[in-house]
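Undergrad: Protein chains in written order, with this note's numbering: chain A, 1 to 63; chain B, 1 to 243.
It is worth saying that the hints were derived from the structure and are not from the lab. C-beta atoms are modelled at their ideal positions from N, C-alpha and C, and glycine is treated no differently. One should not assume that every hint holds.
Each computed SDA-like pair below joins lysine to any residue, with the alpha-carbon atoms no more than 25 Å apart [to be verified]:
1. B:Lys-11 x A:Ser-4
2. B:Lys-200 x A:Ala-18
3. B:Lys-11 x A:Arg-36
4. B:Lys-11 x A:Tyr-34
5. B:Lys-11 x A:Ala-9
6. B:Lys-171 x A:Val-22
7. B:Lys-200 x B:Phe-210
8. B:Lys-200 x A:Ser-4
9. B:Lys-200 x A:Tyr-16
A few chain A residues that face chain B, going by a derived Cβ cut-off under 7 Å, partial list only [what the hints assert, rightly or not]:
10. Leu-5
11. Gly-6
12. Leu-32
13. Asp-33
Below, a sample of chain A positions facing chain B; criterion: calculated Cβ distance under 7 Å [unchecked claim]:
14. Ile-12
15. Ala-15
16. Leu-17
17. Gln-37
18. Leu-44
19. Gly-48
What follows is each chain in one-letter form.
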Amino acid sequence: MMASLGPHAGFIVGAYLAALIVTLAVIVWVWLDYRRQRRILADLDARGITRRSLRQGVSESLS
Amino acid sequence: MPISDFANPSKFLTLVSRVLPWLAVAAVIAFAIGLTQAMQAPDDYQQGATVKIMYLHVPSAWLSMGIWAVMSIAALGTLVWRHPLADVAGKAAAPIGAAFTLICLITGSLWGRPMWGTYWVWDARLTSVFVLFLMYLGVIALYWTAEEPSRAARLAAILTLVGAINLPVVKFSVDWWNTLHQPASVIRMGAPTIDPSLLKPLLMMAVAYFLLFAALHLAAMRNEILRRRVRTLRLMQANEAAS
Numbered sequence: 001m002m003a004s005l006g007p008h009a010g011f012i013v014g015a016y017l018a019a020l021i022v023t024l025a026v027i028v029w030v031w032l033d034y035r036r037q038r039r040i041l042a043d044l045d046a047r048g049i050t051r052r053s054l055r056q057g058v059s060e061s062l063s
Numbered sequence: 001m002p003i004s005d006f007a008n009p010s011k012f013l014t015l016v017s018r019v020l021p022w023l024a025v026a027a028v029i030a031f032a033i034g035l036t037q038a039m040q041a042p043d044d045y046q047q048g049a050t051v052k053i054m055y056l057h058v059p060s061a062w063l064s065m066g067i068w069a070v071m072s073i074a075a076l077g078t079l080v081w082r083h084p085l086a087d088v089a090g091k092a093a094a095p096i097g098a099a100f101t102l103i104c105l106i107t108g109s110l111w112g113r114p115m116w117g118t119y120w121v122w123d124a125r126l127t128s129v130f131v132l133f134l135m136y137l138g139v140i141a142l143y144w145t146a147e148e149p150s151r152a153a154r155l156a157a158i159l160t161l162v163g164a165i166n167l168p169v170v171k172f173s174v175d176w177w178n179t180l181h182q183p184a185s186v187i188r189m190g191a192p193t194i195d196p197s198l199l200k201p202l203l204m205m206a207v208a209y210f211l212l213f214a215a216l217h218l219a220a221m222r223n224e225i226l227r228r229r230v231r232t233l234r235l236m237q238a239n240e241a242a243s
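Only chain B is shown next, with the shape it has when bound in the complex (with noise of 0.2 Å):
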């Protein structure tokens, strides 16, 4: 069968509930691993026991800008092509983008208070991934009032390309100014700075952030398909009821 297919929701659907089990599975055995790896890992040399913290906020990081990545892309997809499953994927990521945001901006602010001194400072990095944060919770309010569905796919298909903006100044707002933020160790220009026996750890811990945010997406995908069908059948039936 080709993959195009799965872009039928009904094959989608049944996709869904093949592989739904596997993910999930795979993600409670990469956390298991990756957990296991974290509590042995080293302290580091300056930050002693809180580097522990690092393997639940670097993967909620990279997955709270992955994640709109992904909205944007099927952003694209509902602007450009029109698919309906283009907005099932949009609109069933942003519950899931603001969980893993407010992950991260949680475990850094309890990072922060024993390193930094304080638990936030509106430095560069710290600010842009709380308008990140915003910027989910728009989408996802935007969603719950516009009326029409169509009309509130294209207005949060608009704002999440508008929002993508906000991803390179995530990024590198480490580099064009000066943070209390320490700059990138593990995605950037050259090798990773940090040390092997902490990468590896944050490394499965990323692998098993990915695995529960592709079984909750699957997930939340197939629920935002069936809630469409709920609305359509209702609609036919006071349809046949006015006529």
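With the rest of the complex left out, here is chain A (with noise of 0.2 Å):
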């Protein structure tokens, strides 16, 4: 595989596992940003403290 590429076999590996750990980086940081999110609402929820959109049943407000 490596012979196949040629004489840059190199910078061409080298540029597919650059980009290779960058988008894994992003996916990564997403996926636990996510986590992480969840386990503090969860945790929020656990002590009682819920939104008062559901409590009143009002439209959410995100600001």
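With the hints as a guide, bring both chains together as one complex.
TA: If you want it as structure tokens, here you go:
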């Protein structure tokens, strides 16, 4: 495989490895962030701190 | 259900939970096809096998500009219509855009060394893309450092719209100035100059990158909505404790 990539195989493999590492880093970061936010919300919920919108049935405000 | 209903954050979260798995699977399939085609594609008659770097470099370059364009539309939504999801979209897109721009810079550098004899040169194309990368970092830093989210949203939206001036500079830098970087060979007036045997895997990889961005953006927007819910709950908790 490496031989078929010619004399610049190191640059080609390096480019694919770098792209893979950066892409995986973003995917893992997004996934871990999701887990963290869900954990915090579950913790708040367990302590009885729930959204006013849920209690009062009003539409949610993001700001 | 009309599409405008998804502007409601709760309904948007429902949409994300339905669409995200399909987008992720579609991205994986597209990457599998694209990478297979890229590995089987012939070498370039001048550049040899290093042309395989193009299948990473070019789609990431397109996305680096495309994501800033998405952020610019979101910035208009923040400043003109003051829609909260617009700011969520802009904030969620910035780190992803920075990542794709970084991939573009790294792969371009690793392509440049064997072809140009140097990893880097301060020509107009490379410099304008590097400026784009710095602007992404600037927007991310603005969101991190501003205390008040609504103020951060307005400032980031202004910075994004000002930064959009750089997009035509990036695109046309190879036409306006003498650059070491080659001129456009796919997105240009007239037909692409690239051979179809190389163009086909390139377009497949572009589809894969777009699907990956769509999936990551929706997931990051969901995270941001949840983060704002956490903030709202903590503020409510603090207010109740104070009263």
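Undergrad: Quick check on the hint: Gly-48 of chain A CB to chain B CB, less than 7 Å?
TA: Cβ of Gly-48 of chain A sits 10 Å from chain B, so the hint is violated.
Undergrad: Regarding the hint that Leu-17 of chain A lies at the interface with chain B, is the smallest CB-CB distance below 7 Å?
TA: 10 Å, violated
Undergrad: Is the straight-line distance between the alpha-carbon of Lys-11 of chain B and that of Ser-4 of chain A 25 Å or less?
TA: Violated, at about 51 Å.
Undergrad: Given Leu-5 of chain A as an interface hint, is its Cβ closer than 7 Å to any Cβ of chain B?
TA: 5 Å, holds
Undergrad: Per the CB criterion, is Ile-12 of chain A less than 7 Å away from chain B?
TA: 5 Å, holds
Undergrad: Could you check if Ala-15 of chain A really has its C-beta closer than 7 Å to a C-beta on chain B?
TA: 4 Å, holds
Undergrad: Checking hints one by one. Is Leu-32 of chain A an interface residue toward chain B, by the C-beta closer than 7 Å rule?
TA: Hint on Leu-32 of chain A: violated, closest Cβ of chain B at ~10 Å, above 7 Å.
Undergrad: Under 7 Å, Cβ to Cβ, is where Gly-6 of chain A needs to be relative to chain B, so tell me if that hint holds or is violated.
TA: 4 Å, holds
Undergrad: Run the distance test for Lys-171 of chain B versus Val-22 of chain A: straight-line Cα separation, threshold 25 Å.
TA: With a Cα-Cα distance of about 24 Å, the restraint between Lys-171 of chain B and Val-22 of chain A holds, given a limit of 25 Å.
Undergrad: Lys-200 of chain B and Ser-4 of chain A were given as a pair; does the straight-line alpha-carbon distance stay at or below 25 Å?
TA: 21 Å, holds
Undergrad: Does the alpha-carbon distance linking Lys-200 of chain B and Phe-210 of chain B stay inside the 25 Å limit?
TA: 15 Å, holds
Undergrad: Can we keep the Asp-33 of chain A interface hint, with Cβ of chain B closer than 7 Å?
TA: 5 Å, holds
Of the numbered hints given earlier, the model fails hints 1, 5, 12, 16, 19; all others are met.
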